[in-house]
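**Student:** Work out the full structure: start from the sequences and follow the hints.
Chains as they are written, first to last, in UniProt numbering: chain V, 1 to 735; chain L, 1 to 735.
Please note: incorrect hints may appear among the correct ones.
Copies of the same chain look alike in the list, so a pair counts if it fits in one copy or across any two.
[Claimed, not checked] EDC-like, lysine to aspartate or glutamate: derived pairs with alpha carbons at most 20 Å apart:
id	residue 1	residue 2
1	K655	E702
2	K706	E51
3	K655	E91
4	K716	D488
5	K637	E255
6	K552	E516
To be clear, the hints were calculated from the coordinates, so they are not data collected in a lab.
Spelled out, the chains give:
Protein chains: 2
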Amino acid sequence: MATTSEAHALGYNLEVDFVIRYGFGGSDKADAIEQLEKLLRALAGIGLQTEIRQGDESSLLIFVRASSKQLNRAVYRSRVRDWLYGIRNDEPEQGNSIEPETEAERLRVIYNMITLPSLEGGAGITPEHGDWKNVLSIFPLHDVKTNNRWMRDWSQKTFLSEDDLDQIRNKFGESVGFYFSFLQSYFRFLVFPAIFGFSCWFLLGGYSIVYAAGNSLWCIIFVEYWKRQEEDLSCRWETKGVSAVQTTRRQFQPEKEVRDETTGETRGVFPATKRMQRQLLQVPFALVAAIALGAIIATCFAIEIFISELYNGPFKTYLIFIPTILVSALVPTMSVVLNSIATKLNDYENHETNDGYDVALTQKVFVINFITSYLPIFLTAFVYVPFASLIVPYLDVFQLTVRPFVSKEDCATEHRSTQFQIDPARLRNQVIYFTVTAQIVGFAMETIVPYVKQHALRKYKEYNKKRSVERTGKSDSPERKPAVTYDDPAEEAEFLKRVRNELELPEYEVTEDLREMCIQFGYLALFAAIWPLVPVSFLINNWLELRSDFFKICMEFRRPTPLRTDTIGPWLDTLGFLSWLGSITTAALLYMFSGNTQHGPNGEPRDIKGWALLLTIFFAEHLYLIIKYVVRTAMSKIEPPNARKARAERYLVRKRYLESTLHTPIHDSDEKSAEGTGDGLSRSALEDDARETTLHDADPAERFWKRQHGWDESAKIGAGIIQAQPLKAADKKKQ
Amino acid sequence: MATTSEAHALGYNLEVDFVIRYGFGGSDKADAIEQLEKLLRALAGIGLQTEIRQGDESSLLIFVRASSKQLNRAVYRSRVRDWLYGIRNDEPEQGNSIEPETEAERLRVIYNMITLPSLEGGAGITPEHGDWKNVLSIFPLHDVKTNNRWMRDWSQKTFLSEDDLDQIRNKFGESVGFYFSFLQSYFRFLVFPAIFGFSCWFLLGGYSIVYAAGNSLWCIIFVEYWKRQEEDLSCRWETKGVSAVQTTRRQFQPEKEVRDETTGETRGVFPATKRMQRQLLQVPFALVAAIALGAIIATCFAIEIFISELYNGPFKTYLIFIPTILVSALVPTMSVVLNSIATKLNDYENHETNDGYDVALTQKVFVINFITSYLPIFLTAFVYVPFASLIVPYLDVFQLTVRPFVSKEDCATEHRSTQFQIDPARLRNQVIYFTVTAQIVGFAMETIVPYVKQHALRKYKEYNKKRSVERTGKSDSPERKPAVTYDDPAEEAEFLKRVRNELELPEYEVTEDLREMCIQFGYLALFAAIWPLVPVSFLINNWLELRSDFFKICMEFRRPTPLRTDTIGPWLDTLGFLSWLGSITTAALLYMFSGNTQHGPNGEPRDIKGWALLLTIFFAEHLYLIIKYVVRTAMSKIEPPNARKARAERYLVRKRYLESTLHTPIHDSDEKSAEGTGDGLSRSALEDDARETTLHDADPAERFWKRQHGWDESAKIGAGIIQAQPLKAADKKKQ
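**Tutor:** Take a look at the structure:
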């Protein structure tokens, strides 16, 4: 079924494999034409067919299709490379019959043909770089019909099947496939804490030890399960070990050229120690990020408390929105600034490989996200609630700001600050805000708003164009169909319109979606004890997320070029870290608030004993680590099915090969030693004299080894000794 | 130099590769003779030459030598296997010219020839098992001259060179090589804490924060360095990934036979879940071990305190030795019992592979060793010192035992217990005992005592034999040389005497020596803050240890059969664990005692505040973990030299292969598309009509792709669009 629909879809895309957007806006005409010729010649050189159409005012569309012969050769080369790197188990057979197995493989191989350096059999085209700076982008076209069908199908299912995930992988490559598999595993795993959390909330309320323990255990199992699942998937999709094949970053600037003694090649080197020194800048960066974001969040937090709980002057109904507006405006702005600093820092670290770069950037981005996402709740739980009575009086500084306006009610506010009572529900409400409201807002911002914006923009452009055509129409527009403004053949018009629309879409980054999910997991690991319904909210949210992310990829982004991977990468470590941190925060929250199960924190936490709090944390953390160790050990003992299959295949390959070396006939010069017992004795008797004479000439070793001739003689002498020995023992007994 | 000396040494051993000890004591004569014949036939069948001599009263010595042709074939097969498992980088070339590179490889391959199942090309001989229960042992002979030369050389060196370690590996195999490399790295690394510790002891005394921090950092770096070093060594010795090749344990009892769908073979399976259930028994075992050993140690400890500090009755001078005698007698006895329980438990867990079995056993043995080695100091530091004044009064129970003997001085003891003062130097003295005295005693017990015992036993046996020969001599002893009692040819007598001596030596277990070193490392990680001279003692001890261990292997054990490995195995985790635990104990010790830097703990620790103690531990532990993470990350960035070399070699192999696939000529049917611009236009003009007519018949994709014929036409059309476009823009401007 899949293949026929794919064939149909390819037909719909007019068999276009890739579209290259070629810009000629910046450079002068002659140069652009010359480069275009060079580009087309390079593409033809590796056996790709091209067609050119107009893109927009300053760009061309170069449609690329691979001839099946060239493609098969490239697929073969790619598989040989995989085999050499240990990604495939068996050596691929040569021949022209090698077809790409999936659409993703086809696109990946063609993309490699276009971009790999000519030394490795590619055309060496690097978009927006060096000779190819006019090549703005290279992207495949969406398979609209299949996408729509899947969106329709999935909206009626609770869980995606393994087959669905395979389909995503076949269409968008392993990188996207891994994200959806992760999302699906996470969603499926959420069912347990959702039910358990709901029961605990119903029966025990918040801050229940039972729920917290169950939740922590769930976090451990989920993270370890996913590690195992990753291994299984990478075996299933034949990408295991693919991250070992590192590609050099184009922007990498080597400090010096070094000639490798073994390979005899010179290659650019950047000393690791120097990079580490540069990486030390992460520490001040993290501090700056923490202080900058922390100051904003803490200030707004203080203002909010002041206004909502101390201030009693005029405009209170309006003033109450000030901190929210401030946070909404300042935190994202600061995040953007910090993110750009992080990117600059990361560029400065000059990583050699793309993977190294991504890991380092992920770490920095995670620091920023950690602060913006979790700091407000940390402030409430570990600063506001225990120390409010100490801190709140100092909030009177804000009084000075408002005094000019509220001089008459001065004493009312002053009075309130002395008999201040903290808001008991604040912590829970904040958690609800972050795990329900913010998720919904995020969904809207991420999926609905861009879609609406896109359509509005398209409509606006069309309207503008139509108007300008109407104004200048008399001179150069033979056909006057309202939607078509380029010289497209009528039958291609619809197709080209779609291509031009896709052209304007942004590129999809799977890491963004992974980040979102990891941050979500963090709320669950860190703060679910406060409000046990957190997983219920996430369960509902993620059902939607799975579909909306697919919708997003299909409608709001260019189709991603398939990338191979065998892991969700650095985010996995993040999950482990959050889960660990969760064991600490949960223990602390439970100790501080578990006395008030009925109503949540009542604003008067029991007198907190430092040693008891720390002892609770100490035990909880180490219990967590022990259980994690046990779970990990136990999980590692159970081999995932696809890994077992891959192992069995490897075993077969080896066995076949070893057997081929074993069964070649043996031509041994001293086969005599392996002979039967036949006439050994008589012959040896004949040879005895000869041996005696030579014994004195040869070296001691030769004399030693020539005493017994053949195994049959050894056996006789051995038998003699054995039979002699018990007699001796019997002799002894007789005496 | 090495090869000539090796050749010489082989000559000295009369070119004997292995000695098989064949026992005929138990079974009846005929059976033993039959089995012997079978054994010799099997050995001859795989091309091994044999000679038989008498061993002792109930055993034969079967000397085995491999013919070079058969050996070369076996070496080739072994290397092909390595290559298939990814241990070697390049496929070995076939042919008879493949010689074993080292003596260790030679012995390993021959041992495999003897023991591997016949399906894999061996003789399938399994000592003391099944058909071969008369085969008591298979072992190579010591190379006495080389051993003696090395012992002489090394006694004059401070550090062993890389070359020395390579020699050990070439002689005894990678497993022993790894142990000596570890010992050497550890010894070399100890220089820093020894100097630093001595300085701190001199300048700051005990319980110095500076020293403790330096020591913890050193522990982290050492463990991470060794991990890196392991990788480097495994690349240097070409054993990387060898632990992936798992051998099935002979004692493994499968629960059921399962047919593997992929390989089509049936193999024995034991469900992992069932094994895990059995492994749960480790928990009660650890508890029992802790309670049993803990009770002994705590009781003896209490008795000691009672006698030394409370008791004042008669015989005090003698009674003071009671607890020491009790501990020395009971703890080793209990350890033996627990070790045998651990072995039984481990057997019951029914591990499938030898590696799995070893790892599981190591864990259990470590629990026992942890308790016996560290519990006494833990008791002193965390029970005796802080709680002595609470506990000691209860020690009066011992009073009841001694009362009958000391009725007259009753009141004196009673009086003392109320004004009890703890011994301030006890903790330090205990650490000194464990890190100096116990090390020396251990050295003597391990090296000197067995050597003396062995020689005494040999002398005693000789004396006995001589006497019995004298008594029974008249009947059957033609030669009356005093030392030779067997019918040996005179020229072999000396050699056979040596072989018979080696026969009686026990088998060497490298894991025992590793255990000793790990436990020693534990004292350093856990308690060095108490007495900063600990590393100085260990530095001296380990200089000796390195030599004495080599002496031990050469003189007190049979030569070990070379085993390959790429790690020191589970002990590495133990090192990491001890280092981590050290961060906790050190922080606790420092907090409790660092007030009294001059004289050590003065027996009156400052009032311990629970929260401050716990906070110190919490910060120290997490600081430790962060630094460990940073060090590990930094270390992983620096590639060890041999790993880089191995990677370069792999790269070369791949490159060669890929190039061979790349440069085969391309036979493309539509080469036209790659042609020059030659007569493209004229031809295309001619073809235009034909194209127009077919355009309507073909499907849309074909029509799309036939609009532009060849890349040159595309280039022309592209150029046209580019040249047209700016005109339009200019047009707009004109209006």
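**Student:** When Cα atoms must be at most 20 Å apart, do K655 and E702 count as within-copy, between-copy, both, or neither?
**Tutor:** Neither, since 39 Å and 48 Å both go past 20 Å.
**Student:** Could you place K716 and D488 in one of the four classes (within, between, both, neither) given a Cα distance threshold of 20 Å?
**Tutor:** So K716 and D488 pass the 20 Å test across copies only (17 Å; inside, 99 Å).
**Student:** Classify it for me, K655 with E91: is the Cα-Cα distance of at most 20 Å met within a copy, between copies, both or neither?
**Tutor:** both (14 Å within a copy, 15 Å between copies)
**Student:** Within a copy, between copies, both or neither: where do K637 and E255 come within 20 Å Cα-Cα?
**Tutor:** between (45 Å within a copy, 17 Å between copies)
**Student:** Since the copies are identical, ignore which copy is meant and state whether K552 and E516 lie within 20 Å (CA to CA) inside a copy, between copies, both or neither.
**Tutor:** Within one copy only: 14 Å inside, 60 Å across.
**Student:** Can you tell me if K706 and E51 fall within 20 Å by alpha carbon in one copy, between copies, both or neither?
**Tutor:** between (83 Å within a copy, 8 Å between copies)
Taken one by one, the earlier hints fail for this structure only at number 1.
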